[in-house]
Amino acid sequence: MDLQGIDAIVTLQSSVDQLSSSKNEQVQKAEQNALDWWSLAAIAPAIIILLGFLFLFSYGVFQSLTDLKLGRPVVRFIGFTNYEVAIKTQDFWNSVRATMAYACSAVLAEAFFGLALAKLFASGVFLARLMRPVILLPLVLPPMSVALMWTTMMDPQIGILNYLLSLVGIGRFAWISDASTAMFSLLLIDIWTYTPFFALIIFAGLQGINDEVREAARVNGARGWATFLHIELPLIAPYILIAAVFRLIESLNQFDIIFGTTQGGPGDSTSVLSVRAYITAFQNLAFGRGAALMVVNWMIVLLGTFAMVRLWRLVRQRVS
Amino acid sequence: MTRTLAALGGHSAHFVKTALICSTLLAGAATSFDQAEAQEINWRQFEGSSIVWAYDIHPYADAVAAQLPEFENLTGIKVTPELYPDDAYWNKLTIQLSTKSASWDVVGTGIQPAWDLAPGQLLEPLDRYLNNPKLTSASYDYKDFFPALRDALTWQVNGGQIEAGGGQVWAIPHGFENIQLFYRKDILDKHGIKVPTTPPEMSAACEKLKSADPAITPLGVRGVRFWSSIHTAAISIAKSYGVHDFVVKDGKLETGLDSPESVAFHQDYVEMIKKCAAQSFANDNWYQVVDGINSGRTAMAIDSNMFGFWNDVAGKPASGKIAFAPPLRAPNGKNFESNIWIWSLAMNAASQKKGAAWLFIQWATSKQVELKGAVAGKLVNSPRASTWSDKVWLDYATKPEFTNFVDTFKIVQDRAALAFTPRAGFAEAMNAWAVAMQKMVNGADVKATLTDLASEIRSSM
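Protein chains in written order, with my numbering: chain A, 1 to 320; chain B, 321 to 781.
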């Protein structure tokens, strides 16, 4: 037996195999590369749009580091001066407080009323069925129209709300015209507008609960309130929280309703960060300082959203 | 039968009178047009162009818009008016111009906003159009505009700041306003109240009115947190107390809003607002002021004089019931003061159709358009001296229903002047003043609020 010859054949075969496998790999790699290019081409528009957004955002951040003002011949890079100047003023902290108070109160109240409405819808009583489509009306109105409508209704002299109050013997209420009641009035408008959003999502959550779960609870002796508290509420908690995330982002950025009614007044009582930033940039024409306020607002939104999403995950894990 | 004949006679007399006015107007317009023709500018040199004219929703805009077909027939240029509510307009104007958008060619502005817009080269200086005989008819007669108005719209930009007293023309006036007190004669007469002349007198009158009829708002004034609230009643009365928005101290510009005069003014003014103004003061703009006086819900108002005129027009519910007086003055002051606001037409520096835009500005501010607008009861305060000496306008404006409009205009106009210091940064400082005013009316300490306001203004100078 010519073992050497066999070895040679095996070696040759192995070399051929290696060669062919390396060729296959190359072909595969080449195919993969070709595939990557196609994928890249497919997602290119998305990447370009994303880069466009990032560029605009980065440009806004850059503006906040300059003394850009309408009519200023030379724009200088001034680092964090706009931020330093802002945080040293009482008005800035008033705005931060107003922003947080507005957003947190609105979200909490809307979650509460939304839950109540959703339960009512789920009950299937005639009134609830009748109200279901009507209750969504505020959501489809443009926020600026909502603001103008409520401004007229809340006019202390000619507004219908004071007329209605007068029918039950309550005297004139200043609504948005008094610093002590303006924030409450704005919250009322926000709650009227966005509670249906919560109701809609929580109602979907309630519909998703399997009847067998309720039946099991009933068999175990749980009655109405206990079933809601220990069975339904934990199951719909993720739905409430996801609605809260969306509404928190919007409320922290709320502009239309506030600007359309009080423009941040009376005084600075409702001057949330988004309104202050707009006035600083577009009425006072100090774009650099306005951009700095917007960046601060963005950071608050980001932190608030992270916290809410984290909470949502925890609750979801627990429910699972 | 007799009654029918008398009625017919009345109609005939009215018809003859109307026909006479119309024919005089037509003759006047034809003469002006002939003059324009004689000056040989080619009105059709930009035929086929299309421009956009942006303006506030305002009767002054209505007056020009009503005559637009004449301009389009004369020039072959199509004009699209874009009219916006007051607050929205000013914000939109800033955005449109600062982004160098060419979508608006001609814009309506006042002098004060123009101070902020000109340094950024957002407005086109108009001298080279005014002085170009191919573009401007000699019959345009720029010197016919009141000198105070021409001067107010002429300045130069130096190092990003405004230097008044010569320079370039930035806008052309087409209507102006002086600040007056106007009141419902019927209401004051009914309650036996004399027309107040000072803030303390006004406060006393308001208390009397409120106790007589709690449903009436004694005084309508603007209170929104925007400079427009300051430029009417507040600055006019403040000036008579010796308040200056800015003063020169040691050769340096300094705010005068924390001066002892300013504290004295604000104490009286805030007290007056608390006693007199509507609960909705913080949300009240000129719409509410006009609506109040027109409906009779408000007894008095301090604002632009033509708001009274427009509601005195025959056929309006308040026709003939509104009378005029000079604005309030300081209790120890010798004279009242009245701020002026000049509605002007300016050109967007980014416009791609500047020639056509200039022809429109020139036409809209011409003698014939001004006169026709005035006699239509819209362009009430014409900036042209020729309108004020025109018999047709004076006959119209002295009709009984306008009570003492012309006489009071003449008295006030003698003292009316721009009450603000020309400077870029006007909006920021005056917006801050409007916010401070709301705070004081809501109970904040006057002196402390003014100190904070002054330091805020200083920090942005």
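Hint data in this document are derived by calculation from the structure and do not stem from the laboratory. There may be inaccurate statements among the hints.
Dumping the calculated DSSO-like pairs for lysine-lysine here, alpha-carbon to alpha-carbon at most 30 angstroms [to be verified]: (1) B:Lys569 / A:Lys88; (2) B:Lys510 / B:Lys711; (3) B:Lys528 / B:Lys595; (4) B:Lys528 / B:Lys505; (5) A:Lys88 / B:Lys505; (6) B:Lys569 / B:Lys510; (7) B:Lys420 / B:Lys673; (8) B:Lys569 / B:Lys595; (9) B:Lys767 / A:Lys88.
Structure-based check of all given hints:
no.	hint	in the structure
1	B:Lys569 / A:Lys88	27 angstroms, holds
2	B:Lys510 / B:Lys711	35 angstroms, violated
3	B:Lys528 / B:Lys595	10 angstroms, holds
4	B:Lys528 / B:Lys505	16 angstroms, holds
5	A:Lys88 / B:Lys505	51 angstroms, violated
6	B:Lys569 / B:Lys510	50 angstroms, violated
7	B:Lys420 / B:Lys673	14 angstroms, holds
8	B:Lys569 / B:Lys595	36 angstroms, violated
9	B:Lys767 / A:Lys88	21 angstroms, holds
The structure does not agree with the numbered hints 2, 5, 6, 8 stated previously, though it agrees with the rest.
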